[in-house]
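A.B. asks: Each chain, letter by letter, is given below.
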Amino acid sequence: MIVPRTAAEEALGLSLPHRRMEDWKWTDLRRMVQAPYVRMPVTAKQADVDRLVRSSPFAAVKAQRIVFVNGELDASRSSLASSPSQALAVADDDVLLQINRKLEARGATLRLEGNASLPVEIVHVVTDDVPRGVATHHRIEVADGASATLIETYVGEGDYLSSAVVEVALGEGARLDRIKAERESVRATHLAFVKVSLAKGAILRDFTLSSGAALNRQDGSYIFEGKRADARISGAYLLGGKQHADTKLVVDHTVPSCTSRELFKVAMDGQSRGIFQGKAIVRPGAQKTDGKQSSHALLLSEEAEFDAKPELEIYADDVVCGHGATSGDLNHDHLFYLRSRGIPEKEAKSLLIAAFVGEAFDGIEHEGVREALTAYAEGWLARR
Amino acid sequence: MTMLEINNLHVKLADEDREILKGLTLTVKPGEVHAIMGPNGSGKSTLSYVLSGREGYEVTEGSVTYKGQDLLALEPDQRAAAGIFLAFQYPIEIPGVATMQFLKVALNAQRKARGEKEMTAPEFMRHVKERAAKLNVSQEMLKRPVNVGFSGGEKKRAEILQMAVLEPSLCVLDETDSGLDIDALRVVAEGVNALRSPERSMVVITHYQRLLDYIVPDYVHVLSDGRIVKSGGKDLALELEEKGYAEYTGKAA
Ligand SMILES: Nc1ncnc2c1ncn2[C@@H]1O[C@H](COP(=O)(O)OP(=O)(O)O)[C@@H](O)[C@H]1O
Ligand SMILES: [Mg+2]
Numbered sequence: 005m006i007v008p009r010t011a012a013e014e015a016l017g018l019s020l021p022h023r024r025m026e027d028w029k030w031t032d033l034r035r036m037v038q039a040p041y042v043r044m045p046v047t048a049k050q051a052d053v054d055r056l057v058r059s060s061p062f063a064a065v066k067a068q069r070i071v072f073v074n075g076e077l078d079a080s081r082s083s084l085a086s087s088p089s090q091a092l093a094v095a096d097d098d099v100l101l102q103i104n105r106k107l108e109a110r111g112a113t114l115r116l117e118g119n120a121s122l123p124v125e126i127v128h129v130v131t132d133d134v135p136r137g138v139a140t141h142h143r144i145e146v147a148d149g150a151s152a153t154l155i156e157t158y159v160g161e162g163d164y165l166s167s168a169v170v171e172v173a174l175g176e177g178a179r180l181d182r183i184k185a186e187r188e189s190v191r192a193t194h195l196a197f198v199k200v201s202l203a204k205g206a207i208l209r210d211f212t213l214s215s216g217a218a219l220n221r222q223d224g225s226y227i228f229e230g231k232r233a234d235a236r237i238s239g240a241y242l243l244g245g246k247q248h249a250d251t252k253l254v255v256d257h258t259v260p261s262c263t264s265r266e267l268f269k270v271a272m273d274g275q276s277r278g279i280f281q282g283k284a285i286v287r288p289g290a291q292k293t294d295g296k297q298s299s300h301a302l303l304l305s306e307e308a309e310f311d312a313k314p315e316l317e318i319y320a321d322d323v324v325c326g327h328g329a330t331s332g333d334l335n336h337d338h339l340f341y342l343r344s345r346g347i348p349e350k351e352a353k354s355l356l357i358a359a360f361v362g363e364a365f366d367g368i369e370h371e372g373v374r375e376a377l378t379a380y381a382e383g384w385l386a387r388r
Numbered sequence: 002m003t004m005l006e007i008n009n010l011h012v013k014l015a016d017e018d019r020e021i022l023k024g025l026t027l028t029v030k031p032g033e034v035h036a037i038m039g040p041n042g043s044g045k046s047t048l049s050y051v052l053s054g055r056e057g058y059e060v061t062e063g064s065v066t067y068k069g070q071d072l073l074a075l076e077p078d079q080r081a082a083a084g085i086f087l088a089f090q091y092p093i094e095i096p097g098v099a100t101m102q103f104l105k106v107a108l109n110a111q112r113k114a115r116g117e118k119e120m121t122a123p124e125f126m127r128h129v130k131e132r133a134a135k136l137n138v139s140q141e142m143l144k145r146p147v148n149v150g151f152s153g154g155e156k157k158r159a160e161i162l163q164m165a166v167l168e169p170s171l172c173v174l175d176e177t178d179s180g181l182d183i184d185a186l187r188v189v190a191e192g193v194n195a196l197r198s199p200e201r202s203m204v205v206i207t208h209y210q211r212l213l214d215y216i217v218p219d220y221v222h223v224l225s226d227g228r229i230v231k232s233g234g235k236d237l238a239l240e241l242e243e244k245g246y247a248e249y250t251g252k253a254a
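Quick mapping for you: the protein sequence lines, in order, are chains A and B. Quick note: the first sequence uses the working numbering, first residue 5, plus one each step. Quick note: the second sequence uses the working numbering, first residue 2, plus one each step.
What the hints contain is simulated information worked out from the structure, not anything from laboratory work. For every residue, glycine included, the Cβ atom is placed at its ideal position computed from N, Cα and C. A hint or two may mislead.
[Claimed, not checked] Derived coverage of chain A by chain B (criterion: at least 3 residues anywhere in the stretch with Cβ under 8 Å from a Cβ of chain B; other residues may be distant):
#, stretch
1, 18-32
2, 43-50
3, 330-342
[Said to hold, decoys possible] Pairwise CB distance ranges (calculated):
#, chain 1, residue 1, chain 2, residue 2, range
4, B, T61, A, G274, 49 to 55 Å
5, A, H336, B, R112, 23 to 29 Å
6, A, G328, B, E17, 29 to 35 Å
7, A, S305, B, N137, 39 to 45 Å
Using the sequences and the accompanying hints, generate a full structural model.
C.D. replies: This is how it looks when you write it as structure tokens:
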């Protein structure tokens, strides 16, 4: 059967995935992305850019910064030099990568060495203008034995499609704390793809906040290529209205003795939809793999909906793997206990929601970043 | 003015037709300590929950007046701000909320509701530290999430610490003695006694007479099948200890 292309597909020059495809059953991109988004250079007002840069949850964190405005490097606002990134090394078959390429993504290549004391923040700003596609892709390399903190922030205003691709390679014994905050415009679509490889003994602490866009889909691929590497991948959704966020992670244990942990905490209000698809693959010979994942959703309204799809593909016998998913509303006993001590209902709920979501921040080592996220969550709670 | 006046209180479970309290009447004046004793299932905890405003119970008849106002019309947090405190029989664990933070938010919420100035961080620290030391509550415990991983005894001490920090007018203690060894019982009782004052009243719910050796009540009431069936002085507790509740329940205790 030949389905005529939608306006969005015509504009992008490709077919969008739809709900009859297994990985997209909750996020029917063909139906959900309607406008014909194309790459379109615009001139940003400096005052808008300033305001948006300041709206990063991490604006107060001391960091070296690289700023992308409407998909283009803004060297004048960047305190860290980077070279333009080369064509994507990853295979082209993934639709999120195809979209990124069709929108002619620009990006930064960074090689992080030694023990950087300051975090590096890549700030992505989109200003309000005609509906359009904006794309970036970055390549980050953390050298053998190096350690670094990388923050990726996405903020914007107006109607646009943001395609964000990041490739990360951790060298032997390297450590990366990666924090991503998706705070796109409420009218935006955020389509992200991150691919991370870990060499021997590498440590990854990865956290993603999903909170801004109307539609957020992010695919993550984490590959263990050397023994005794350790990855903790966590995330938090703070959603309301009709927001939709879908994360699909694949953690690929190709070698023995690696550890992976995934923890996603999802707070959903209004008629929002949250999805978490986590897959762990343990390849033949990847003995002593220790892999666990869990997702927990807190439904703050009767119309919010959460779906989890955990998957394990295990081809080795000496492994410890597991998964768990829960979803429910606030615990009434907890709420009563707080109220019986004089805490008004709204404040009591906020305390409990903050505590719930905060568990996903716990693994973040940088105190300033953790505090910035806590403050962001408090702001979100106060606005709801 | 009377502290608490419960008049012919009838309470049923909200989602069942079962009546738990069947015409309970009790008057507590400022400074008085009343013990309520009764067999398991007689409705003691139900009474404490109805006073603090827990959902799941429905008052079908009668009234509860606290310091002259209709208590049942108030939300749980309003009752707390007005000075009611329930030490839970089973204190609830709240993961992710540090005890210290919880105490501060609670105290300042109450002060705000009463139109008082909020306490500053140093004032609050001093306020808690003094009281925690007396109850053997360590700084380490205060950093932990509310009641999470606390032993039975630690939970009860933490309840009394909350009470000492919040300084309520009417303290309702629901089986604060259960699960405590004799040393822990003494610490808890001393904490409670330190709070006795002419302006503060207490309703001490217990199944056993033992606690009343330490917290000596002015009045003792026997609750059976949802009603107060006998009231007396502290000697009544000793009598109950000897004879059990059989006389009041019609069954062997
Ligand atoms: N929330 C509830 N749901 C069901 N039954 C309840 C509930 N609360 C109390 N009851 C019942 O009411 C009766 C009195 O309980 P309770 O007040 O806990 O007694 P006590 O504290 O004196 O042991 C018991 O039969 C108990 O099972
Ligand atoms: Mg009880």
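A.B. asks: For each hint, tell me whether it holds in the structure or not.
C.D. replies: Evaluated hints:
1. 18-32: This one is violated; 0 residues, fewer than the three required, reach chain B with a Cβ under 8 Å.
2. 43-50: Result for this restraint: violated, n = 0.
3. 330-342: Check passed, 6 qualifying residues.
4. B:T61 - A:G274: 49 to 55 Å: 37 Å, violated
5. A:H336 - B:R112: 23 to 29 Å: 26 Å, holds
6. A:G328 - B:E17: 29 to 35 Å: 33 Å, holds
7. A:S305 - B:N137: 39 to 45 Å: Distance hint for A:S305, B:N137 holds at roughly 43 Å.
In terms of the numbered hints stated before, the structure departs from hints 1, 2 and 4, listed from lowest to highest.
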